[in-house]
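**Q** Using the sequences and the hints, build the whole thing.
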Amino acid sequence: MKLPSITTMFAAMLSYAVLTPAAAEEIRTINIVTRPQAAQPAEFQFTQLIAQEWRKLGLDVNVQVMPWEQMIQEIWFSRDKWDTTAWQMVGRPERSDPDEIVFNLFHSTTAAKGFNFIGYNNPEYDALVEAQRVALDPAVRRDLIRQAQTLLAEDQPNMMLAHPQSTYAFNNAVWDAATIVDQSGIGIRNTWTYLEMEPLGDVTDIILNSSDNVTAINPLYISGGTDSWITELVYDRLMRIGADGLPQPWAAESYEWIDDTTITVTLREGMMWHDGMPVTPEDVVFSFEAAGSGEAPMYGPFVGSIADMSIDGMDITFSLTEPSAPFLTASLSKINLIPMHIWEPVIAEQLTLETNAESFQEPAPIGSGPYRFGSWTLNEEVVLEANAEHWAAPKAGRWILRIVPNVEAALGMLRSGEINFLSDFPGDPTVVVAAAEEDPNLTAVFTVDIGFRYVAFNHRRPPFNDTAFRRALSASVDRRLIVGAAFRGFAVPSNSVVSPALGFWHNEETVEGMEAGVELAQQMLADAGYEVVDGRLNYPEGVSETLGE
Amino acid sequence: MKAITVICARLLQTAFVLLAVITILFFMFRLMPGSPLAAYIDPNFTPEQQATLMARFGLDQPLWKQYLIYLRNLLQGDLGESFFYRQSVAERVLALLPNTLILTFTSLIVAYIFGVLAGAYLAWKRGSVVEQICLPLVLTTRAMPEFWLGMLLLAVFSFSLGWFPAGGTREPGAEYGSIWALYASADFWRHMALPVLTLAIYSQGLPLLLMRSNMMDVMREDFVTMARIKGLSTFSVVIRHAARNALLPVMTSFAIAVGYQIQGNVVVETVFSWPGLGRELVRAVQTADYPLAQGAFLMIAVVVILMNLVADLLYAALDPRVTRD
Amino acid sequence: MFSRPKVSASSRLAKLRRALGAVRLPLHDPLAIIGLGIYAFFIVMAVFAPLIATHDPNEILFTSEFALAADLTPGTDGYILGTTTLGRDIFSQIVWGARSALLIGLTAAFMVALIGSIVGIVAGYFGGWVDMVLMRLADVAFGIPFLPFVIVLAAFLEPSIWNVVIAMALVLWRDTGRVIRSQTLTLRNRVYVEAARVSGSSDFKIILRHIAPNVLPLSFLYGSIAIGWAILTEASISFLGFGDPDSISWGYMLQDAFASQALSKGSYYWFVPPGFLIILIVSAGFFITRGYEQILFPKLDR
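Chains as they are written, first to last, in our numbering: chain A, 1 to 549; chain B, 1 to 325; chain C, 1 to 302.
Keep in mind that the hints were calculated from the coordinates and are not lab data.
All C-beta atoms in this analysis are idealised placements derived from N, C-alpha and C, irrespective of residue type, glycine included.
Among the clues, some could well be false.
Within a straight-line C-alpha distance of at most 20 angstroms, the following computed EDC-like cross-link-like pairs (lysine to aspartate or glutamate) qualify [said to hold, decoys possible]:
| # | chain 1 | residue 1 | chain 2 | residue 2 |
| --- | --- | --- | --- | --- |
| 1 | C | Lys265 | A | Asp439 |
| 2 | C | Lys265 | A | Glu437 |
| 3 | A | Lys56 | C | Asp56 |
| 4 | A | Lys56 | A | Glu515 |
Computed footprint of chain B on chain C; a stretch qualifies when at least three of its residues, placed anywhere within it, have a C-beta under 8 angstroms from a C-beta of chain B [as the list claims (entries may be wrong)]:
| # | segment |
| --- | --- |
| 5 | 129-142 |
| 6 | 239-253 |
| 7 | 258-272 |
**A** And the structure:
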C-alpha cells in the first residue's frame with residue numbers, strides 16, 4: 001500500500017488553494033491499467049504506446065500496472081473507480097456464434113454485474129442485439145449483426161485494437177500435414193485436428209504441451225482452458241462447432257426445428273459409454289437437467305432457455321422459453337453428455353451438501369467421446385487413449401498432454417521430439433518462425449483469433465461518456481503501430497468485436513478506411529470543443545472536472 | 001545434561017515454533033487485501049452463490065473463529081479444500097511432497113560428497129595456486145541465481161547437446177507400477193540429472209568450505225604433529241585422524257542445509273517443469289488459492305523445522321559441551 | 001550562516017580513522033580488497049546512472065515509423081548491448097539496474113545488520129527472560145522458509161522492491177542475532193565490563209562503549225553478505241513473476257529475457273550480463289568476508 005508522503009500531501013493542498021477555478025476545467029490525470037510485462041508482454045507494451053500517444057493530445061496519462069487478481073477487484077468489482085483499462089476477450093469455439101460477444105459486452109442489462117462493465121447504454125443498440133437473438137433467418141441475422149458493428153464503430157465504446165494470431169506448430173515428420181485441421185478463429189489446436197491427424201510412421205502418440213496445470217476433468221465444471229481440451233475429447237455433445245465455425249450434428253444424428261421454440265434432436269444409435277454401458281436418450285436429458293440443477297453453476301446459464309424436454313424413442317424434444325437463434329451453439333454444442341448411472345447419485349448427494357458437483361472428481365472419468373481417459377499424473381501429464389469403438393475414432397493412438405510451465409523448455413521439447421505438437425506457446429512468435437525455417441520437420445501455423453484485445457473506456461466517468469472524446473482518443477493511435485510494436489506483426493488491426501475469422505458475421509467496413517493519427521485526433525477534439533491550455537487538454541466551455549484525484 | 005531432558009526440551013521448542021509458524025501463516029493469508037473470490041470472474045454467479053461459496057470456505061466468520069476452526073482442522077489432518085481444484089489440500093500436498101524431497105535430498109547428497117572431497121583436497125593444498133584460484137570460484141558458485149544457472153544448463157545440455165530431456169520426471173506416456181518403480185528407473189534419473197546438478201552446484205560451496213576449514217583446524221592440532229613424528233605417512237594421518245574429526249560438524253550442517261535447499265526448489269522446479277511442492281506454491285499464490293498456498297507453505301515449513309530439530313539433536317549428541325541457554 | 005567551532009584537520013582525520021577502525025575493514029586480504037573494489041564500482045555505476053546510460057531504460061525505441069527496435073544485436077544503431085524484444089536498450093537497463101540492486105541490497109543489509117545486532121546485544125547482555133523471548137523469536141524465524149515467505153508476502157502486499165527488504169527484516173536477522181549474542185556473552189564477562197558495571201555506568205553506556213564497537217565488525221560482515229541475499233532473492237522473485245513492475249532490476253531483465261525466448265534466439269548479450277553482474281556483486285560480499293571464515297557457514301553457536 002503506498003501512502004503519499006507528507007511533502008506531496010502538503011504540495012497538493014497548496015496547489016489546490018493557489019490555483020484559480022479556471023484550472024478546474026483541466027481534465028484530470030487519466031489512469032490506464034495493464035497487467036505486468038511478465039504476464040502479458042503485448043498488453044504491457046501497447047498500453048505504454050497508447051499512453052504515449054494520448055499524452056501528445058495534452059492529457060496527463062498514468063499507466064497503472066497490476067496483477068490479474070487485483071485488476072478484477074479494482075475494475076470488475078469496482079465499476080466506478082477506474083478510467084480506462086487494457087482488456088481482452090478470449091476466443092473459444094462456442095464464441096464462433098457472435099451472440100455471446102455482441103450481446104453480453106454491450107447490452108444495458110449486463111452493465112451492473114455482467115460483461116458490460118464499461119457501462120455502455122444505447123437503446124438503439126439494445127434493440128439491434130435483441131432482434132438478432134430471435135432472428136432465425138441467417139441472412140436477416142447477419143444484417144442485424146453488421147448494423148450492430150457499424151453502430152459500435154461510430155460510438156467507440158471501447159478502443160478496439162487487434163485480433164492476435166495464435167501460434168502453434170507440429171512435427172510434420174510424425175504427422176501428415178494434410179490431416180491437420182485449421183479451425184477458423186481457433187487455429188490448429190482443436191478437437192478436429194486431434195481426431196483426424198494421421199501418423200506417418202511408428203510414433204502414433206500425440207504429445208502436446210500446456211503451460212498451466214490441469215485443474216479438473218469434470219464435465220460439469222468449467223475449470224480452465226487446458227481442462228476443456230480434455231473434456232472435449234472424453235465427452236460427446238449433441239452438436240459440435242465445425243472447422244468452419246458453424247455448429248454441426250455430432251452425437252445428434254439430425255435435428256429439426258418444429259417451430260420457433262421447439263426443436264427435436266435425434267440421438268445417434270450405438271453410442272457407448274467408456275465402461276461399456278449404452279448411451280440412451282435418458283442420459284441426454286439427464287445431462288441437461290444436471291447442468292441446470294444448480295449443482296453446476298457455470299453451466300446453468302447455457303440451459304436457461306430450456307423450458308421442457310421430452311423423449312420419444314431416440315428423439316429428444318426441447319421446448320424453449322423463447323426463440324433463440326444461438327441455441328445450437330450456446331447450448332447444444334456446449335453441454336457435455338454424461339452417464340446417468342454415474343452422475344445421478346453424485347448430483348443427489350451434492351444437493352444435500354454445501355459443495356456442488358464441481359468438487360467431485362472421478363478417479364477415471366467416464367464419457368462416450370472419441371478418446372477415453374488413460375491416466376493423470378498430478379501436475380505432470382494426462383494420457384488419453386483412442387476409443388476404437390467411437391464412430392469418429394481418432395487415427396492417433398494416444399493423446400498425451402505434458403505440463404511445461406517453462407516456455408523455453410516447451411520449444412526445446414518440440415525441437416528434440418519430446419513433444420510433437422506445440423499447443424501452448426505464450427512466447428515470441430518470431431522464434432517459432434525461425435525454428436520452422438531451420439528445421440524442415442517443423443511446421444508453424446498462425447491463425448487469426450476470434451478473440452481480441454482492446455482498451456475499455458469507463459462510461460460512468462466523464463469525459464468518457466462523451467462520444468466525441470472517445471472517438472478522438474481511439475483515432476489518435478494507428479493500429480499498425482500496435483500490431484507492429486506490441487504483437488511483432490502477429491495480429492490484425494481491429495475495429496469490431498466480431499473477428500475477421502468469423503467471415504460470415506464480420507463487417508469489414510468497420511476496419512477498412514479506418515483513419516488514425518495524432519493530428520486527426522487533435523482536430524476531432526477541437527471540433528468537439530476541447531481546448532489545449534498550457535499544454536493540458538481542457539473540457540469544453542461550461543464543463544468542469546468533477547472527479548479530481 | 002541428561003539426554004532425555006535435552007530431547008524433551010528440543011521437542012517442546014519445536015512444537016512451539018510449529019505453532020507460531022502456523023499462526024503467522026494463517027493471519028498472513030486472511031489479512032491479504034482483495035477478496036479470494038476475485039478470481040471467480042463468472043458473471044453468472046449471483047450474489048447468493050457468492051455468499052454460499054464464502055460460507056463454504058468459512059470466509060464469513062470472524063477472524064478468531066476462523067483461526068480456531070483452522071487449528072482444529074489441522075489437528076485432524078484437514079488442510080481445507082483448494083479453491084480451484086476443489087480437492088483436499090492435504091492429499092494434493094502429500095502427493096507432491098515426495099517429488100520435492102527426492103530432488104532436495106539427492107542434490108544435497110551429491111553436493112556433500114563433492115564438497116567434502118573437494119574441501120579436504122583444498123585444505124591439503126593450502127597456500128598453493130590451486131587454492132587461490134578455486135576458492136574464489138567456489139564463492140562465485142554461491143553467488144549465482146539458481147534459475148539462471150538452471151536455464152543455462154538447460155540450454156547447453158538439453159537444447160544444444162540433447163543429452164538430457166527438457167523437463168518432467170519421465171518420458172511422455174511412460175507407465176510405472178508404483179512410485180518406487182519410477183524412482184528406480186533410468187528414465188527418472190535422466191530427468192533428474194539437470195535439476196540435481198543445478199541445485200548441487202549451488203549448495204556444494206557450504207560443505208566444501210566447512211570441510212576445508214575444519215580440516216585446517218584439525219591438521220594444526222598436536223596429535224596430528226605427534227602422528228607425523230611417529231612416522232605415519234601424511235596421507236594416513238589426514239584420512240584417519242583429520243578427516244574423521246572434520247566430518248562430524250559437516251554432517252550436522254547437512255540437516256540444516258535441507259531447510260535452506262528446499263527453497264531453491266521453488267525456482268528449479270519451475271525451470272525444469274518438475275511436479276513438486278515449490279512449483280505448486282508459486283501457482284497457488286498466483287491464483288490466490290489460499291488453502292492450497294497455505295498448505296504448500298506449511299508442508300515446506302514443517303520439513304525445515306523438522307530438519308532443524310534433527311540438526312539440534314545431532315549437535316547436542318556430538319558435542320558434550322553443549323551449553324544450555 | 002552560523003559559526004562553527006574550528007576543528008583541526010588532523011583531529012577530524014583521527015576521528016575518521018577511529019570510526020573505520022571500529023568497523024575493522026579487512027584491508028589485509030587481497031580478495032577482500034577486490035570485493036570492496038567491486039562494491040565501489042557498482043556504487044559509481046548507480047550514482048552516475050543518468051550520465052552513463054545512453055537511453056531511458058523504459059523508452060520504447062523504433063528504427064523507423066512502425067518498426068520496433070527489437071532484438072537488435074550489440075552495436076547496431078548505437079545500442080551498446082543491443083535491445084530487448086520490446087524495443088528497450090539493454091545497456092541502459094543494466095546501468096539503471098545497479099540502482100535497484102544497491103537500493104535493495106543496502107537497505108536490506110542495513111535492516112538485517114541493525115535488527116540482528118540489536119537483538120543479539122540485548123539478548124546477550126541482559127540475559128534472563130529477555131534472552132529467552134528473543135531466542136524463541138529467532139527459533140521461529142529459523143522455521144520460516146525464506147523464499148516461499150517472500151513469495152507469499154509479494155502476493156500479500158503489492159508487488160514492490162520493498163517486499164524483499166521487509167521479508168529480510170522480518171526473518172533473516174536470525175543468523176546475525178545468534179552470532180552476535182554469542183559474542184556479546186563473551187564480552188560481557190570480560191574484566192573491564194565488570195569494572196564498568198561496578199563503577200555504576202549505565203547499561204546503555206556500557207553497551208555503547210564496550211560491546212557495540214567489538215560487535216560492529218560482525219554486523220558489518222553479515223550485512224555485506226545480506227546485500228547478496230537481497231539481490232539473489234529479488235532476482236528469483238522477479239523470475240517467478242512477483243517482481244516490481246515499476247522498477248528495472250537485473251532480476252527483472254532476466255525474467256524478461258527468458259520470457260522473450262532470449263535463450264532460443266541466442267541473445268547472450270541479454271541474459272548473460274545481468275546474471276554476470278549479479279554474480280559479481282554477490283561474490284563481492286563473500287570476498288569481503290574471507291578474513292572471517294567462520295561466518296560463511298552457520299555453526300550452531302548458541
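**Q** Against each hint, give a clear statement of whether it holds in the structure.
**A** Results of checking the hints against the structure:
no. : hint                : result
1   : C:Lys265 - A:Asp439 : holds (14 angstroms)
2   : C:Lys265 - A:Glu437 : holds (13 angstroms)
3   : A:Lys56 - C:Asp56   : holds (19 angstroms)
4   : A:Lys56 - A:Glu515  : holds (17 angstroms)
5   : 129-142             : holds (count 7)
6   : 239-253             : holds (count 5)
7   : 258-272             : holds (count 4)
Checked against the numbered hints above, the structure breaks none of them.
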